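Chemist: Please build the complex by placing chain H on the supplied structure of chain A, with the hints as guidance.
Protein chains in written order, with the numbering used here: chain A, 109 to 261; chain H, 109 to 261.
Treat each hint with caution, since some may be false.
Intra- or inter-copy, both count: the list cannot distinguish identical chains.
Stated by the list, open to error - Okay, derived cross-link-like pairs now, SDA-like style, lysine to any residue, Cα gap no bigger than 20 Å in a straight line:
hint, residue 1, residue 2
1, Lys-141, Ile-252
2, Lys-137, Glu-120
3, Lys-185, Glu-152
4, Lys-218, Glu-152
5, Lys-185, Thr-257
6, Lys-242, Cys-254
7, Lys-242, Glu-120
8, Lys-185, Ile-146
Hints were generated in silico from the structure; no laboratory data involved. Treat the numbers as computed from the prediction; the structure is a model and nothing was measured.
There are 2 protein chains.
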Amino acid sequence: MESLVIRKGKKEDIPQVFNLVKELSIFEKAEEKVANTIERMEMEGFGDNPAFKFFVAEVNGQIVGMALYYFSYSTWKGRSLYIDDLIVTEAFRKKGIGDQLFQKVFEVAKKEKCGKIHWQVLDWNTPAINYYKKLGAEFDGEWINCAITSDKY
Amino acid sequence: MESLVIRKGKKEDIPQVFNLVKELSIFEKAEEKVANTIERMEMEGFGDNPAFKFFVAEVNGQIVGMALYYFSYSTWKGRSLYIDDLIVTEAFRKKGIGDQLFQKVFEVAKKEKCGKIHWQVLDWNTPAINYYKKLGAEFDGEWINCAITSDKY
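Isolated chain A (complex conformation) (with noise of 0.2 Å):
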């Protein structure tokens, strides 16, 4: 793991990273839920005004692990910064890849003067929960998620 870098994401690296959000939704259970395209991050995060940011950690040139986020905001806590999918390929897991992402979101959103970050986590999803509790997370089961689909407004 000598060649491991943690670097901003480029828009050569939206297919690869597309790969990883795809892998991670089917672990989730959910593969079909992707409704997203490549061409589609890339023309959404790129240009004059990018909708996400993210780190890749690349590894002889392969990328095996993302962080994306945005700026979010709350009316409790102010300016703040959304993790939407943070993955790390699993044959390159419990290598510590994850904390060096999360430790580039953390200088972020130091820089950024954000109120927190934060992210959801399936409630069966037992490692990443234990994982995200070394790292200090609280966690809010109180509160569920609402959505209606560009087809229904």
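Modeler: Just chain H now, with coordinates in the frame of chain A:
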């Protein structure tokens, strides 16, 4: 209610908007979690890089409701819109003001080609859940909120 106006929020609306945030936090039994301030909201919501946008519902010059949102990102659905708070003060509920606020947010999401609009509800807030069902919302209680506050990173 002839004088009801739904319009974009301005900086000078923030003190009244913050009162609505406090009112809702008391109902949600979480008043002590509000670390935000009027000054911080004024700074973060305006200027070069506004962290949120909002609509207000105004009756005779008094702000009786608001919807505060920002653009989010979902690796599954693409560019999306998150409603952090949609509040109608108690005395003005059941008059269709919430519908009109949602309608304005729907228009923004359409214009910006958002894949979904999303928000959260407390699992015991049955009146809100029933209202969101009528709007066509889907609910997903399988996800748990995780957060690290700024004192820990």
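Chemist: State whether the alpha carbon distance between Lys-242 and Cys-254 is at most 20 Å within one copy, between copies, both, or neither.
Modeler: between (29 Å within a copy, 12 Å between copies)
Chemist: Up to 20 Å between alpha-carbons, please classify Lys-141 paired with Ile-252: within, between, both or neither.
Modeler: Close inside one copy (18 Å) and across copies (18 Å); limit 20 Å.
Chemist: For Lys-185 and Thr-257, with the copy left unspecified, which applies at a CA distance of at most 20 Å: within, between, both, or neither?
Modeler: Classified as between: cross-chain Cα gap 9 Å, same-chain 27 Å, threshold 20 Å.
Chemist: If the cutoff is 20 Å on CA atoms, where do Lys-185 and Glu-152 land: within, between, both or neither? Let me know, please.
Modeler: So Lys-185 and Glu-152 pass the 20 Å test across copies only (11 Å; inside, 27 Å).
Chemist: Measure nothing new, just compare the shortest in-copy and cross-copy C-alpha distances for Lys-242 and Glu-120 to 20 Å and report within, between, both or neither.
Modeler: Neither: 33 Å inside a chain and 42 Å across chains, both beyond 20 Å.
Chemist: Cα distance capped at 20 Å. Does Lys-185 pair with Ile-146 within a copy, between copies, both, or neither?
Modeler: For Lys-185 and Ile-146, only the inter-copy Cα distance (12 Å) is at most 20 Å; the intra-copy one is 33 Å.
Chemist: Is it within a copy, between copies, both, or neither that the alpha carbon of Lys-137 lies no farther than 20 Å from that of Glu-120?
Modeler: So Lys-137 and Glu-120 fail the 20 Å test inside a copy (28 Å) and across (47 Å) alike.
Chemist: When no copy is specified for Lys-218 and Glu-152, does a C-alpha distance of 20 Å or less occur within a copy, between copies, both, or neither?
Modeler: between (25 Å within a copy, 15 Å between copies)
Consistency note: the structure conflicts with the earlier hints numbered 2 and 7.
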